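Peer 1: Please build the complex by placing chains X and V on the supplied structure of chain D, with the hints as guidance.
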Amino acid sequence: MDNLSTYLIISAILFSLGIYGVMTRRNAVAILMGIELILNSANLNFVAFNRFSGMEKLEGQVFSIFVIVLAAAEAAIALAIIINLYKNLNTVDVDEADSLKG
Amino acid sequence: MPISIFTLFLILPLASFIFQLSIGKRIGRNSHWVSLSFIFVTLCIALGNLFSEISHHSDGHTSNLVFNWIDLGTFKIEHGFQLDSLSAIMLVVVSLVSFLVHLYSTEYMKGDPRYTRYFGFLGLFTFSMNGIVLADNLIMMYVFWELVGLSSYLLIGFWFEKDSAANASKKAFLTNRVGDIGMFLGIMTIYFFTASLGSATLSFDGITALFQSSFSSFTPADITIVTIAGVLIFCGAIGKSAQFPLNIWLPDAMEGPTPVSALIHAATMVAAGVYMTVRIFPFLTPQALEVVAVVGAVTAFGAAIIAITQKDIKKVLAYSTVSQLGYMVMALGVGAYQAGFFHLTTHAMFKACLFLCSGSVIHAMHHALHHLNDHKTDPQDMSNMGGMRNKMPITYASMLIATLAIAGVPLFSGFLSKDMILAGTLAYYHAHHGWTIILPIAGFGAAVITAFYMFRLIYLTFHGEPARKDVYDQIHESPLPMAFPLMLLAGLSLAFSFTFNLNPMDSHGWFTHLISEGINVVGLNMSQVIDGIHHAHHDAMIISLTVAGIGIGLATIFYLYKLVNVEKLAGILNFFGLYNLSYNKFYIDEIYDAILYRPFMWFCNLFSWIDWDLYDQKFIDFWGWFTLKISDGAGYSDYNWLDQKLVDGFGKITNKFGQGLKVTQSGIIQNYLLGGVIGFVTIFIIFKAF
Amino acid sequence: MGDLAFSGLAIMTIVSAFWVVVSTNLVRSAVALLFTLFGLAGFYIFLFADFIAAAQVIIYVGGILVLIIFGVMVTNKIDDPEVGSSSRNQLFASFGAVFILSILLTVIMRTEWKIGNITQADETIRKIGSHLMNDFVLPFELVSVLLLAALIGAAYLSRKDS
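Quick mapping for you: the protein sequence lines, in order, are chains D, X and V.
Sequential numbering of the first sequence, starting at 1, is according to our numbering.
Sequential numbering of the second sequence, starting at 1001, is according to our numbering.
Sequential numbering of the third sequence, starting at 2001, is according to our numbering.
Only chain D is shown next, with the shape it has when bound in the complex (with noise of 0.2 Å):
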C-alpha cells in the first residue's frame, strides 16, 4: 500500500473532487474551499514525489512550503474580496454577481 502510485491516486481524487467543487458550488467561501482542496492534493504529489525519489534533497517539500504559504496568502484576499462582494450584493451568491452578463 505504500507506494507512490496509492498517493498521486489520493491526489489525483481529491484534485478532481476540487475541480468539482469549484465548478458547481454557488457560495463563494464553498469556492474558496474547493481551491484549497486543489492545492492541498497538488502539495500532496510534491511531497510523494519527493519521498520515493530520494531524500537526500528535500526540494519537494520546500516546494510544498511555498504552496502553502501561497495559498495562506491567497486565501486571505480571497476573503476579501468576498467581504467586498458581499458588501456590494449583499449575498455571497456567485449566481448574483452577473453583471459581465451580455
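These are computed hints drawn from the structure, not numbers from a lab.
Incorrect hints may have been included.
Unchecked claim - Straight-line distance between alpha carbons at most 27 Å, and here's what the computed DSSO-like set of lysine-lysine pairs gives: (1) X/Lys-1391 - X/Lys-1469; (2) D/Lys-87 - V/Lys-2160; (3) X/Lys-1688 - V/Lys-2114; (4) X/Lys-1652 - D/Lys-101; (5) D/Lys-101 - X/Lys-1656; (6) D/Lys-101 - X/Lys-1662; (7) V/Lys-2114 - D/Lys-57; (8) V/Lys-2127 - D/Lys-57.
To be verified - Quick list of the computed label-pair ranges, beta carbon to beta carbon: (9) X/Thr-1654 - V/Leu-2148: 46 to 52 Å; (10) V/Leu-2157 - X/Thr-1654: 39 to 45 Å; (11) V/Gly-2002 - D/Leu-70: 31 to 37 Å; (12) D/Asn-88 - V/Gly-2062: 29 to 35 Å; (13) D/Ile-81 - V/Asp-2050: 30 to 36 Å; (14) V/Gly-2008 - D/Asn-88: 40 to 46 Å; (15) X/Ser-1637 - D/Ile-81: 58 to 64 Å; (16) V/Val-2057 - X/Thr-1654: 55 to 61 Å; (17) V/Thr-2024 - D/Ile-81: 19 to 25 Å; (18) V/Thr-2024 - X/Lys-1688: 33 to 39 Å.
Fair warning: this is a prediction, and the values are worked out from it, not measured in the lab.
Glycine included, C-beta positions come from ideal geometry on N, C-alpha and C.
Peer 2: Chains X and V in isolation, oriented as in the chain D frame:
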C-alpha cells in the same frame, strides 16, 4: 467702264442687307439713309452704263469677269457677268424702282417695329435681282432665281403675325418651287445635250453659238430634246411670272406691304421670268414658242376676266399684273422679241406707279380709319372709297396717267408696247392660220377688259360720292417721300420717255434702237417674223385704238355716269354663273385643293398615323413600358430579395447567432470555468481519437 | 497495522473531501475540510515529511480554515441557510471531473514510476532550512515580498469606504 464696277451692283445691296440686319436696329430710323445711299449709287452707275450703251450703240456682249465656280476637270461651271443692252436697261429698271420704293417706304413703313429689317430685305432682294440680270449662264441665274424667291417669301410674310400673310408667303414660295423644278430639269437637259454635242456649256452665249453652228445637223430627236428643254426652263418662268397654272400665288402676295408689291410683284421679280425667257429666246424652238404663246394668251385673258369683279384695290392691280405678264409671254411666244421686252420695261414703270398710288390711297385710308378708331373697315376695299380726287390730287394725277398707259391710250408708253405685241399676234395668225386665231382674240379681248377694269378702279376710287363721309373728311395727300416717286414714275409712263420722239404714234426711238429684234438659232425665221410684224402693224393699231376706246367707254358709262345698274347686270350675268366664275377666280384654288392637296394630305395623314399611332405609340412606347417593367422587377427583386432578405438576412443571422450565443455569457464565472473544462475534455477526446 | 491505518486515513480523507463539495450546509462543509486537512497531515507523516505535516496543521488548519470559518460566519444569513450547488452545472461538472480523474488515473497506472531508494528519514527540518537559505533563497525572498503585498492588498480591499 471697268468691268469690276459691276460687282458693286451685287456688293452694295448685299452690304445694305447685312448692315440693316446687324447694326441697323441699334441706329434706329436713320439707318434708312445707308440703304438709300447704297441703292442710289447703284442707280447712278446703272444710268451711266445705260448712257454709255446708248451712245456706243454696241450690240456686243462683254461678259468678262468670269470665274470658275466648280472645276473638276470633266465637269466645269463658270460664272460671269453678261453686260449688253438688255442687262443695261434691266439694271436701270431694277435700280430705279428699288430706289423709289426705298424712298417711298421711308414714309409708308414709318413706325413699323421691324423697320430696319424691312430695308435689309429690300437690299437682299435688290442684290438677288441684280444677280439675275447680270447672270451670263443658266446656273448663276438659277441661284439668284431662288434668292429672289426667298426675298419674296420674306417680304410677303413681313407682317407674319397675320395668318393670311404667313400662308401667302408660303404659297408663293412653294408655287415658285414647282416651277423651279421644271427649270432645273431643263437646265440639266441643256447641259447634257450640249455635252453630247461636244462642249458642255450653260452660258447663254455659249449655247447660242453652239446651236447656231450645229443646228443644221440636228436630228428630229435632237430638236425634240431642245424643245422639251426649252419648255422645261420656261416652267420656271411660269412659276416666277405667275402664268396660267401657277398664277395662284400672286394675288395672295398682296398681303405684303404695298411698296413690296410695287417692287417685287409688279415691276421686277415677276418680270424676271419674262427676262429669262428673253435670254433663252435664241434657243427656243418654234414648237416650244407655241406653248409659250398659248400659255401667255390664256393667262392674259383669264386674269383680265377675274379682275373685273374684284373689290380690293390691290387685288385688281395684282390680276392686272398677271394679265400683263401674260401679254409679255405671249409676245415672246409669237416671236415679237423686241415688243415683249419693251412691254416689260414700260409695264415696270406704270405698274410700279399704279401700286405706289394705291399704296398712297391705302395709307391715307388707314390713317383716317385709325383716327376714327375704326378697325373693322377694310382700308383696301374700293366700296369704302370714292371721290378722292379732290383730296389727293397728286395721287389722282399720277394714277390717271399710269392707267391711261396701261389701257393703251396714245401718248403713253403702254400704247406703244401693247401695240407692238398685238401686231405680233396678228402676224403670227397670218403666218400660221387655223387655231392660232385665239391669240389675237385673246390679246385684243384682254385689251378691252384691261381698259374697262382699270378705269372702273379710277372711277370707284377717285370719282363719285364718297361712301363714308366721316372717313372722307380725314383723307389728306401723302407727304413728299411718297409723292415724289409717284410723279417720277408717272412721268416715265409717258411715251416720250421711251422714244424721245415727238410723234406719239411712232415707237421708234432710243429704246428700239438699243434692243435688237431678236435672233433665233433653232429654226425660227426671225426675218420672216419681223417682216410680218411690220405688215400687221397698221391693222393692229387701228383695232387696239378701237378696243381701248370701247373699254374706256363702257367703264365710263357704268361707273362714272352710272347709266347702267351694275348690280343688276351682275345678277343677269350670274344667270350663266359668269359673275361668280370671275369673282371666285375661276375656282382654280378650289380645284387645286381638291385634286392636289386633299389626296396629298390624305397620304400624309396616313403615314403620320402609321408613324405615330402604330410605330410610336405601340412599338416605341412598348419598349418604354417594357423597360419600366423590367426596372420595376429589378427594383423589386433588389429591394425585397437582395436587400431585405439577403443583405438584411446576414444581419439577422448574425443577430440570431449573437442572441443565441448570449446565453453563454451568463456572467457567472463558474460557467466559464466549466466551459473550459469541457473544452479540455473535448480536445483531449479528439486528439485521443485521432 | 500500518496498512490498516493508512487505508483508514485515506478513506477518511476522501470521504471528507467528498463532503466538502457536496454538503449543502456550509458549516458542515467547513468541518469536513478540517478533517480533510487533518487527513492530509497524516499522509505527510507517512511520507516522512514531519515539518510539512506540522506546518500543514498550524497554517492550514489553524490559519486558513479559521479564516474560512470567519468568512462563512460573516457572510451567512443566520436565519436563511445558504444555498447549495446549482443543479444545472452538476451534470457537466461531474462528467468533467470524472473525465479528468480518469485521465489522471490512466496516466498514473500506466506509467512505470522510477522508485528511488527508500531510506530512513532523518529529521527534515534542518535540511529544509539549509535549502531555504542556500538553494532557494530567491523564491524565499520573493514569497516574503508576496506575503507583504497580500497583506497590504487584503487590508486595502477590506477597508471601510469613507
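Peer 1: If a hint holds in the structure, say so; if it does not, say that too.
Peer 2: Verification of the supplied hints:
1. X/Lys-1391 - X/Lys-1469: holds (13 Å)
2. D/Lys-87 - V/Lys-2160: holds (10 Å)
3. X/Lys-1688 - V/Lys-2114: The given pair, whose Cα atoms are some 26 Å apart, holds under the 27 Å limit.
4. X/Lys-1652 - D/Lys-101: holds (22 Å)
5. D/Lys-101 - X/Lys-1656: Given that 27 Å is the threshold and the Cα spacing comes to 17 Å, the pair holds.
6. D/Lys-101 - X/Lys-1662: Answer holds: D/Lys-101 to X/Lys-1662 is near 8 Å, not above 27 Å.
7. V/Lys-2114 - D/Lys-57: OK: V/Lys-2114 and D/Lys-57 at ~16 Å, within 27 Å.
8. V/Lys-2127 - D/Lys-57: Since the Cα atoms of V/Lys-2127 and D/Lys-57 sit roughly 8 Å apart, the hinted pair holds (cutoff 27 Å).
9. X/Thr-1654 - V/Leu-2148: 46 to 52 Å: With a Cβ separation near 50 Å, X/Thr-1654 and V/Leu-2148 satisfy 46 to 52 Å, so the hint holds.
10. V/Leu-2157 - X/Thr-1654: 39 to 45 Å: Hint holds: Cβ distance 40 Å, inside 39 to 45 Å.
11. V/Gly-2002 - D/Leu-70: 31 to 37 Å: holds (32 Å)
12. D/Asn-88 - V/Gly-2062: 29 to 35 Å: holds (30 Å)
13. D/Ile-81 - V/Asp-2050: 30 to 36 Å: 34 Å Cβ-Cβ, so the 30 to 36 Å window holds.
14. V/Gly-2008 - D/Asn-88: 40 to 46 Å: Once the Cβ atoms are compared, 45 Å apart, the range 40 to 46 Å for D/Asn-88 and V/Gly-2008 holds.
15. X/Ser-1637 - D/Ile-81: 58 to 64 Å: holds (59 Å)
16. V/Val-2057 - X/Thr-1654: 55 to 61 Å: The hinted range 55 to 61 Å holds for V/Val-2057 and X/Thr-1654, with Cβ atoms some 58 Å apart.
17. V/Thr-2024 - D/Ile-81: 19 to 25 Å: Holds: the Cβ-Cβ distance is about 23 Å, inside 19 to 25 Å.
18. V/Thr-2024 - X/Lys-1688: 33 to 39 Å: Cβ of V/Thr-2024 to Cβ of X/Lys-1688: about 36 Å, so the range 33 to 39 Å holds.
Going through the hint list in order, the structure satisfies each hint without exception.
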